[in-house]
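Novice: With the sequences and hints as input, model every part of the structure.
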Amino acid sequence: MKNYELQDVEKPNLVEDIFPYSLPPLIRFEGKIHETIDGKIVEFDPNEVKTRDIHLTDTTFRDGQQARPPYKKEQMVKLFEMLSRLGGPNGVIRQSEFFLYTKNDRDTIDECRNLNLKFPEITGWIRANKGDFRLVKEMGLKETGMLTSSSDYHIFHKQNQTRKQAMDQYVEVVEAALEAGIRPRCHLEDVTRADLPGFVFPFVQRLERLTENQPDDMKVKIRLCDTMGFGLSYPNAAEPRSIPKLIWRLRNECGITADRLEWHGHNDFHKVHINGASAWIYGLNALNGTLFGLGERCGNPPLEGAIIEYVAMKESLCGIDLTVITELAEYYDKVINSRIAPNYPFVGKDFNTTRAGIHAGGLRKFEQIYNIFDTTALLNRPPRVSITDKSGTDGIALWVNEFLQLKGDDRLSVMKVAKIQRWVMDQYEIDGRMSSITDEELEEQVKIQLPEQYAIFKQKN
Amino acid sequence: MTRQEIAERVIKTTARELHLNTSDIKESDNFAMELGADSLKSIELVAAFEEDFDLSVNEEEALQVQSVGGAIDFFDSIINKK
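These protein sequence lines map, in sequence, to chains A and B. Under our numbering, the first residue of the first sequence carries the number 1, and numbering increases by one thereafter. Under our numbering, the first residue of the second sequence carries the number 1001, and numbering increases by one thereafter.
Just so you know, the hints here were simulated from the structure itself, not pulled from any lab data. Please note that the accuracy of each hint is not assured.
Pairs of lysine-lysine residues, derived as DSS-like cross-links and limited to a Cα-Cα distance of at most 30 Å, are as follows [stated by the list, open to error]:
no.	chain 1	residue 1	chain 2	residue 2
1	B	Lys1041	A	Lys447
2	A	Lys365	B	Lys1081
3	A	Lys460	A	Lys419
4	A	Lys407	B	Lys1081
5	A	Lys334	A	Lys78
Specialist: Following this line, the structure appears as structure tokens:
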């Protein structure tokens, strides 16, 4: 057994090389990951994500819109513009896919194009039939996704086809795309429930032969659609659920390069974010997501969560403007009228709000104790405290000092806010209150109990 | 201000805030254990001392004081700069 001795240090070790606070906590790896495939050990180097061109692709207007009432055209154009700013000039949000079926869909694409933004690139989404493909040609898109369902659940029970019929139909549309100079992106629907050696790998190899003589920007792309959220990132999970094995075989046995592989997840088993991030680590470049994870049933990888994961992996903002996440959340709340759960990470009303007095005490003494990173600088969201009978005098002091915008020695002690805390406790103990104290009520108490400080604050604001 | 004067004022303020008789309060009494001051009451007591002595004290140092005698010594050291 290794013996560990207490190191009674004079200065705290805040592990700042991993937790810089000015960025989300960094993601670092020590050594390789090993996976058993066909009885042999294969190796993955997770540190490749530091240098590989991993990026995000957006499906807010396709899968995201399948799960909600349609967005208005002007809403989609505004969201598209914000996605561009969020992803920044390096195109961390590289592409965004759109439906092409209605006039509204097509008008929206035209208006987004008129913004003349370099990123995200607009791509289409169609079912794999020639009628749908005509829409892509008419819109003049350079790339389109096409639904190429890969499990027998879909081929036999939805499409009423044999595997050969399905494959021939898919290939026919891919060939039409290539003839028209449009890059095909085949969406392997339900791939984590498919017969991989019996259908998926032969299909992908056939696609690869089709485009082997094409220039790089015309070679077929493969989107791995974990349609029901069955994918597993655990080491040595069995196929077809294993994400590492799927990516490894597509790269090493089918010849699909990382830049042509994309992960599209679903959250039916709460695995959507970690599966997407793991897919990056196991060797594909594109992670497909939607704003706030809105998508069919339980949703898709949340784009804003993935972009924070990206920053943590790259250890740099890479031109990303994370404050746009807060803008997007406000837009959904105020304009789109779509509510986000208060405890939803990074954007929910309470994501960095504490109610416990003991946490408020910590937050007041040293913000980093109970704030995940510098949410004020990175997200324009200072940590907050919600006042109840459990938030304590420390909570009141934190709320009042933040409200009055007091810094350093000007910040008020718990003694100065004790009368407000007594009023709060009386609300619960004498009046039997069951709800949180509102900001408006607290402001009124500040006005009554701290009239001098309140007057100075009002003069400044 | 002498220590005796400070002691009288601390005991008077303590009695008022905790609804006790001054004769019931001894220097050895612990605010929480003997006099029944919970955490909010302790803060209110320090706030009352601040008002009565017309000064502001360091929050952490003040809240570490446990007993009546400790409070008398604490304010004596501030007022008489010991």
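Novice: Taking the numbered hints from earlier one at a time, note which ones the structure violates and give those numbers from smallest to largest.
Specialist: Of the numbered hints, all hold.
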